[in-house]
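**Q** Starting from the given sequences, assemble the full structure and let the hints guide the process.
Below are the chains, spelled out letter by letter.
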Amino acid sequence: MTVQSRATAAERQQPSQGPTKAQRSDGKRAERRLGIMLAAPAAIIIVLVTAYPVGYAVWLSLQRYDLRFPAEQSFAGLANYGAVLSSSYWWQAFGVTMLITVVSVAIEFVLGLALALAMHRTLVARGLIRTVILIPYGIVTVVAAFSWQFAWTPGTGYLAALLPTGTAPLTDFGASLAIIIGAEVWKTTPFMALLLLAGLALVPEDMLKAAAMDGAGPWQRLTQIILPMMKPAILVALLFRTLDAFRVFDNIYILTNGANGTGSVSMLGYNNLFKAFNLGIGSAISVLIFISVAIIALIFIRLFGASAPGSDNTGKR
Amino acid sequence: MGTDSRTRIWWALAGVVVCIYALVPVLWIVSLSFKTTDTITDGSFVPRSWTLDNYAQIFSLDLFTSALVNSIGIAIISTVLAVVIGTMAAYAIARLDFPGKKTLVGVSLLIAMFPQISLVSPLFDISRAVGLFDTWPGLILPYITFALPLAIYTLSAFFREIPWELEKAAKMDGATPLQAFREVIVPLAAPGVFTTAILVFIFCWNDFLFAISLTSTSASQTAPVAIANFTGASQFAEPTGSIAAAAVLLTIPIIIFVLLFQRRIVAGLTSGAVKG
Amino acid sequence: MADIVLDHIVKRYPDGTVAADDLSIEIADGEFVILVGPSGCGKSTALNMIAGLEDITEGELRIGGERVNEKAPKDRDIAMVFQSYALYPHMTVRENMGFPLKLAKVDKEEINRKVEDAAKILDLTTHLDRKPATMSGGQRQRVAMGRAIVRSPKAFLMDEPLSNLDAKLRVQMRTMVSKLQQRLETTTVYVTHDQTEAMTLGDRIVVMRGGMIQQIGSPETLYDTPANLFVAGFIGSPAMNFLPATLEEGVFHTPLGEFALTDELRGALASGNAPRELIVGIRPEHFEDSALVEDHQKAHGSVFTAQVEVLESMGSDKYVYFSVEGEQAVSDELAELAADAGTSDVPGGDSGTLVTRLSSASTAREGRPSEVWVDTSKIQVFDPSNGRNLTVRDAATVAGG
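Residue numbers (our numbering), protein chains in the order written: chain R, 120 to 436; chain W, 3 to 278; chain P, 4 to 404.
With a Cα cut of at most 20 Å, we get these calculated SDA-like pairs of lysine to any residue:
#1 P:Lys108 - W:Gln181
#2 P:Lys157 - P:Asn72
#3 R:Lys147 - W:Gly102
#4 R:Lys328 - R:Ile344
#5 W:Lys170 - P:Ser87
#6 W:Lys103 - P:Asp18
#7 R:Lys147 - W:Leu168
#8 R:Lys394 - R:Gln211
#9 P:Lys108 - W:Arg184
#10 W:Lys103 - R:Arg152
#11 R:Lys147 - W:Arg184
#12 R:Lys394 - W:Arg130
#13 P:Lys157 - W:Thr178
#14 R:Lys147 - P:Arg65
#15 R:Lys147 - P:Lys74
#16 P:Lys134 - W:Leu190
#17 W:Lys170 - P:Asn72
#18 R:Lys328 - R:Trp338
#19 P:Lys108 - P:Lys157
#20 R:Lys350 - R:Leu319
#21 R:Lys394 - W:Ser218
For the record, the hints were derived by calculation from the structure and aren't laboratory data.
**A** Structure, rendered in structure tokens:
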């Protein structure tokens, strides 16, 4: 029944021999149009508020540009970078930032995992606990920082009251850092725990039962089954938190305002802009921070492999 | 029976520890906010005498009331805009084929990791040049930008949960892609949109770095900045009580969101991350 | 209403996979055509291309004589019923069914009238103001049908619409779909992987495999004269038995013994220089307990004795499974059918099982040998190298390969 139409169809096919690009129907074209239309506002605002300023920051960082002497603006090459990288302030701030980042993320991971396991298993007041731990996540950082500051302020604080009289922890380098890390950990552990909890939910219960039947104790189940299964969730959680911790600013601003060498790189950048009014140096610091973050991200993405979240397009056809 | 009730007790105990962990710093600032000037430096966790003076005082300061108005206004406007723009972009990313999609995904991932301080110096300079320094839009724009990755990830996770066949059905029923989006997908994504709005609001409400860098007067200064700048009613009075009262006020909306929408917030926070 | 013509249609994905290879089908106005085949055979791709949900790489699709390759789904005036029903969860039944009309800017009163008419046909009148989530699977399925019929489209496309229902409901809904189609006389293309559904519903069936059409024909044609091994094995339940056979001096040597060729077969095999190694296909109902066969019938058949492995009494007749010694029939088609069915119910049996359908009066008993007659005039003979049915002389019905 199809034989008679074959010849005519072959003729019709003539022009479209060779390597034809697939014809696009109205439907697909409308889809493309809508896609561009819907994505455009986001793309435009991203370009205006980040892409352009980033480029501008790089340009500024190559300028001699002091707001107190705007007339003396001139091209300075890499002089600003040289000034920053040879300054002990930068390395002090960088060391402090790295210390805060590594220590707080490590503590958060351990605490967060414990919290996640507890929330996953608990029989009592599951909803209540989930609600309560959202409070540190949601609370304004400045507010939390003030709470910690007052708690450790001699005379005012209930925690300072526990210390021997005469000690003022927030005037001491080590104690200040410990408090800053404590404040960071307090606020962000719940977020870590929630991300890990989501990963934990993906570990099949049957697999744990099977492991238990095979003779694995709780610790072995955690290290041999649960953690390897959670690896993607762990990496995401650590990446988010590491990058976030590296930008630490609010807590330090309130708790010590960078006194006694406790300033982070973000504090340093801020102070160069708004205390020293040096846009050139400030921008160089900004760019250096950006590069540091990019390196951290790259290291993590190496661990991730190629899978970036949100890029999959399965189920389409 | 014995072991069962004993494990319950252990879990209850663990729950109490978690509650103490989460609540003590909050209760402490609440306690401070109700202390009288005489007792504020007594170091006691529970106020010995209670007063509302601190609250009365901060509302008598124009500085704080205008900052509160700025905070609320800027956070709400940023949230609405970020969610609308984010919803559109997230749908396009989750469901449509268009040129530049991969770039958009990549760039928004980049912004999610971006150190805000790196944008502060150029934005400070640019916003002064174009007259956006110390204005609402001058804060709203960066807030939208930094909220967009969050909005896009959360929402595209929600969109992916909506079955493809619904859009196909809408197309077969005669809908254009835009009609399918508006009439079928948006109503179904409403819970996701709402969740995202809460997360974005919390983000904007929380911000300190942009606010302190890009504002200078009560015209646009937000509450966190105002609190950080409190100096007390007179130059001799410690501002502790006022700061505590203002801090409590800033925490109230967060507590309300958390109490009402706990489930949604957790779902939203974790939706994008699990798939990675 | 309109006819639908697929004219040498090809679907190639950017990665190079070909999901549909040179499909040509002419579907007449008002016809009920089934696309059937194992998963991955391209039937859903074909349906999606007719719908406009997937672009056509090559070839032409005409609906009502007009080329529609480039038209968006909404401009094709076709309704579709999905396997998951795809009901809009935020709309009531009334709104769901009225949605296509609302999009077409039909006025409210008319929408209401049409929705209520459709609801009456589908027995949904009392459910109109409910939300889909509160309804049973069968009811949801009917709403999906209702959404398709309200706007009297040119054609219905149905993508496994009954697969999500339980077995009993599926049979009921099958009847309903069939009646509805007869009543509306709308051209319908129906995709399923279930050959029983295909046989009971369609005016014509298109059997597909690996993106290619294997055979197009009425249920009877496909059953009685399958074009190749694949169609033969796919259509019919229990499936056809396949046995290796050697042709020597006009006689088949099979594991069941020697069969003499009928004149018809001899003619067919003589014309197309057939190989000596063949596959013989016999449907279960072409066996009978030899004690129950009249002598004059026995003449055009052959009798063999085999051990009864399993006996299933269905009341009206008995399914008797025999173990057969010797080698198995081997071909790509059979391997694919086996993979699709799950190896347990491979045609011909993976362990050399022969499925027969005997009269309920048969005295066969499990574990005992039994004497069985086979009607050799009904056997089909296949070429193992390409699967072609050598018994069928009219090769024109075989499209594609």
